[in-house]
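Asker: Each chain, written out:
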Amino acid sequence: MESNVKLGEVQLEMTGDVKTTEDLKVLLRWGWGAETTNKMSFKPSEELKVGDGIKVTIEKVVVIPDPVEEKVEETPGEAVEEQEAVAGTEGTVESADNSEPVTECECTCTCEGTEEVEKAAADTENTAEASGETKTA
Amino acid sequence: MEPVTIGQVEANMTTDITTDEELRVLLRIIYSAKCTEAPFKPAEELKRGDKVRITLEKVSEAPKDEKA
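Protein sequences appear in the order of chains A and B.
For the first sequence, our numbering assigns the number 1 to the initial residue and increments by one for each residue that follows.
For the second sequence, our numbering assigns the number 138 to the initial residue and increments by one for each residue that follows.
Worth flagging that the hints you see were computed from the coordinates, not collected in a lab.
Watch out, some of these pointers could steer you wrong.
To be verified - Straight line, CA to CA, 30 Å or less: simulated DSS-like cross-link-like pairs of lysine-lysine:
no. : chain 1 : residue 1 : chain 2 : residue 2
1   : B       : K188      : A       : K6
2   : B       : K178      : A       : K60
3   : A       : K19       : A       : K60
4   : A       : K60       : B       : K184
5   : A       : K6        : B       : K184
6   : B       : K178      : B       : K188
Stated by the list, open to error - Some residues of chain A that are not near chain B, with every Cβ distance over 12 Å (derived):
no. : residue
7   : P65
8   : D66
9   : P67
10  : V68
Claimed, not checked - These stretches of chain A come out as covered by chain B in the derived footprint (C-beta under 8 Å, 3 or more residues):
no. : region
11  : 4-15
12  : 19-33
13  : 41-53
Quick caveat: nothing in here was measured; it's all calculated off a predicted structure.
We put the CB at the ideal spot given by N, CA and C, even for glycine.
Using the sequences and the accompanying hints, generate a full structural model.
Answerer: Printed below as a string of structure tokens:
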């Protein structure tokens, strides 16, 4: 991920024409004229004429490392220990959930589940009665 | 006129610059300067190797001659 920090903005006026086929060099100079960056040049998307006003925005590009990737880059031993710790916690939670009876849950699924169980029991009884009737008949 | 992006370039710093130092922007074709140098003081310190991005926009056009 990238984050841009605006360092500055300047407005300048062209003193010469520039065609779209020409390589326009951008220089960041310091002191008596020392260049502070490696070469930057580009072909302008539009022709520039003398007197054109140009706005130049200078930004610092900061690369923010992805936290997930950063963890992977850590020493493998530590990463494994962390994963094991997380897995252990998850296991405890799951076992706690499983130990509780389903009927105590207050969500809708439980009610449906209870109904289903009741329906199934009723069906079994009906079937038994029916089979009994058949036998007697 | 609406600003038109003319181009964007990226480069790495080859030297350290502090916020109290002045940098100047210059546009050139080969060795021929195409604008006057425009100075600014960076809002943040720059270190050698830092990546900088420079965006150029045309914000105004030169007044046209109305001879005809």
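Asker: The structure should be examined with respect to each hint, and the outcome stated for every one.
Answerer: Tested hints:
no.	hint	in the structure
1	B:K188 with A:K6	holds, 12 Å
2	B:K178 with A:K60	holds, 13 Å
3	A:K19 with A:K60	holds, 28 Å
4	A:K60 with B:K184	holds, 10 Å
5	A:K6 with B:K184	holds, 15 Å
6	B:K178 with B:K188	holds, 17 Å
7	P65	holds, 14 Å
8	D66	holds, 17 Å
9	P67	holds, 21 Å
10	V68	holds, 23 Å
11	4-15	holds (count 12)
12	19-33	holds (count 9)
13	41-53	holds (count 12)
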